[in-house]
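Each chain, letter by letter, is given below.
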Amino acid sequence: MGYYLRKFTFYLTALWAAVTLNFVIPRMLPGNPVDILMAKLQQRGGTVDPAARHAYELLLGTNGHESIVQAYLAYLGNLLRGDLGVSVSAFPAKVSDVIATALPWTVVLVGVSTLLSFLLGIALGAVVGWKRGTWLDTLVPATTVLSAVPYFWLALILVAVLSSALGWFPLNGGYDVVLTPGWSGEFIGSAIYHAALPALTIVISSIGGWLLGMRNMMVSAMSEDYVLTARAKGLRDSRIMIRYAARNAVLPSVAGFAISLGFVVSGSIVTEQVFSYPGIGSKLLQAVQNNDYALMQGIFLVITIAVLGANLVVDLLYGLIDARTRDRSVMA
Amino acid sequence: MTNISPVTEPRSRRAFLPRWSPKLGVGLGLLGVLVLFALVGPLFTGDPSLIRDIGLTPPGGEHILGTTLTGQDILSQLAHATRGSLQIGLLVGIMATVLSAVFGIVGSYAGGVVDEAFSLFSNVMLVIPGLPLVIVITGFVPADQRGSWTVALVLAVTGWAAAARVLRAQTLSLRNRDYVAAARVSGERTWRVICVEILPNLLPILASQFVFAVILAVLSEAGLSFLGLGAANSSTLGTMLYYAQNGFALQRDAWWWFVPPGLIIALFGCGLSLVNFSIDEIINPRLRDSPRRTRDVRGTSTDTTPGEQDAVLTVRDLNVVYRSEKPVHAVKDVSLTLRRGEILGLAGESGCGKTTLAYAINRLHRPPAEVTSGSVVFHSPDGDNIDVLALPPEELRAFRWVRLSMVFQGAMNALNPVTPVRAQLADVLRTHRPEMSVPERAERCAEVLRLVGVDPKRLGSYPHELSGGMRQRVMIAMALLLDPQVMIMDEPTTALDVLVQREILTEIMRLRDELGFAVVFITHDLPLLLELCDRIAVMRAGEVVEYAAVEDMYRRPQHPYTRELLASFPSLTSERGMLIR
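These protein sequences, in sequence, are chains A and B.
This note's numbering puts the first residue of the first sequence at 1, with every later residue one more than the last.
This note's numbering puts the first residue of the second sequence at 1, with every later residue one more than the last.
Hints are not guaranteed to be accurate.
Quick look at which bits of chain B chain A covers, simulated, 3 or more residues with Cβ under 8 Å [said to hold, decoys possible]:
#1 119 to 128
#2 251 to 259
#3 373 to 382
#4 529 to 535
Computed Cβ-Cβ distance ranges for the label pairs, DEER-style [unchecked claim]:
#5 A:6 x B:187: 48 to 56 Å
#6 A:171 x B:196: 56 to 64 Å
#7 B:22 x A:2: 45 to 53 Å
#8 B:323 x A:171: 53 to 61 Å
It is worth saying that the hints were derived from the structure and are not from the lab.
Positions of the beta carbon are idealized from the N, C-alpha and C atoms, including for glycine.
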């Protein structure tokens, strides 16, 4: 029980840290976001009543009349009510609505392709480690090349070759624009077709890391005594590889999967920029380019919560696949 | 991540240097060329921003790599941009490594609240997604105030946490090492203990993390610049790509503008990764290139001659050699006969080749160990003679555990830590007795546990939940599952305390009497064998120096080494069988 309690406490702390960071950053950095925002709002015909201005000041700080503690508490209150303010770039839409429409695109694309890349990388890594000393060893430096290539560069070249030149995939977007979003078969088919190339680029650029990590752990696990015991027991090679070597070797990769989720979300921002994908990453960039601070902070918060939540799930899962962690009481 | 095997001992200076390998050579070569290009290139290639009216000239002629949309020379831009990217990479690498060292090493060394706080802080930093944070931070900093220092600082602040975690785990394990404890007890100052005793052992990891941080920084900087959030008025490979992309380089088929910057980043990353491979091999020596798969003698003499009367296992003139740089002849011309139901002791100090011999009998030895000659013949009760060394792989697999099972030294490591005892016992039955139903299997597993005096409820336990003695009993139960004729026990009681040792030995004797299997019992403890065995072979430097019945060996040891071994253990009484240990 202690294990789960500690995990929850940790993630609550992390969440609080992220929320606070979100509060502190605009107050620490140069520039006066509220004025820029107000000017933008006016340009777009928004009404700048004092109440709205006050709400933004709470969110972003700067020349507030209240003490920082009061502002902080009011900010937390707004967050709890789910009030993230109004987006400037998508005026008069609320920040929470903008995020709600963009989020599913990112979650599905990035979620599926990351999981795919992880599973493929683990499986390949296990085989490459098991067959160490054969030609498969050459895969190791080959995948390093892939992970050393800047992602967007590779993706753009693939777009130029596969989409522009060969016409196998659409150039960009999340779906065919003549269709109206909905749960129709045609729309879903179009969405899958548009997601194929972005997903492929994510898998290609991230699979190498998983493969290498798993391969190295596999090599270590194979010299463990329990693998020797399994061989002495006369088990079949496939069983020794999967149930004994890989089962143990995969543990650090699972732990690493949680940590990598942050990087994954980061990668998705670039992916969405390359493919003009209608997800949360392109919204974040749009917010930055338009000085839409409310949207910027809202998205950062949502991304953080998503990553923390996914981390928590992986951690709980880890407790299931490695009984030892549950019984350990000191490790954080 | 924890995929780093603990550094076991203080290293000699030489151990810090990576072994020379083609990978390291290629990596260093790539890095050398690129660094040279970044240092020297800008001096020779002219002004990178000079605009000419020869936009998008393909490579060749005056402009070796062609020109940009506005006629700027690409080679010259590339030289300056490489310099800019390497600078940022280096800056971030240094800052991130220092940060991770402070939070990882100092925290875990200090322990207590400081460690808790530092560790919590690094873990929180680790799970907060980096790039979105970087984007938010850079988004708040006006573009004109965003120099390469700002970008480097932001990348370092968001990129040190993973390394700190690895360093913490490593420092925690180093902290409890004897030589560190000794230094602390002798009153050395904290900073001295950290710098002299701990830091040198962390160097390979620090180096590896530094290299990784540099790669990540160069890639992240490129990503940021591509998003238009890079350092203002500085030229890096990322900004070059940004301009190429915004100039529609690919759409205009101007690949010479878009491809080279990415290629340089890729080559730089490759070079660093290749160097990192070599550093990883220092951290985890198991990763070193495996020796070529060796070939054992297979059926050189298809030995099916019946052994001595009543023999169940005959080993003849067995030789095992480790094919390392300096070959080691670990087992020399060993001949042994194991009779049905007898306990044969194999004694000798560590490194004498007794474990190698035991593994070779079941062909469990791994490269570089190789059986160079000799034979191992198993005489099955129905009169067949099985030449173990000549068995094809599938038949060898079917032979193992059915005819000959093993009990290994450290039961903690010999049991799979992540599956319950039940699965590890049932595995044997699933493979060798596929006709058994699930309830039958469960019943057999419970039965063998009862045989060794373990409550069948323990089937659901994981190895770490059992005591040392209990684990060893489970190992013995596992060895009993298929009623083998031979059981090889490699120091089965060494890691246990004396009382438990005694219990287990009594158990083994009782089971042998009940079930009638023969045992090869390996230990360095000769007096123990005197009490336990029927015959004993004493090994030294790979050779059997004396092989005799217990009575003879005890009364009339022939070889001086045997006498030496016997003398080194004071006997408590002169009567054999009364030795209480």
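Evaluated hints:
| no. | hint | result |
| --- | --- | --- |
| 1 | 119 to 128 | holds (count 7) |
| 2 | 251 to 259 | holds (count 3) |
| 3 | 373 to 382 | violated (count 0) |
| 4 | 529 to 535 | violated (count 0) |
| 5 | A:6 x B:187: 48 to 56 Å | violated, 36 Å |
| 6 | A:171 x B:196: 56 to 64 Å | holds, 60 Å |
| 7 | B:22 x A:2: 45 to 53 Å | holds, 50 Å |
| 8 | B:323 x A:171: 53 to 61 Å | holds, 58 Å |
Hint compliance for this structure: hints 3, 4, 5 are broken, all remaining hints hold.
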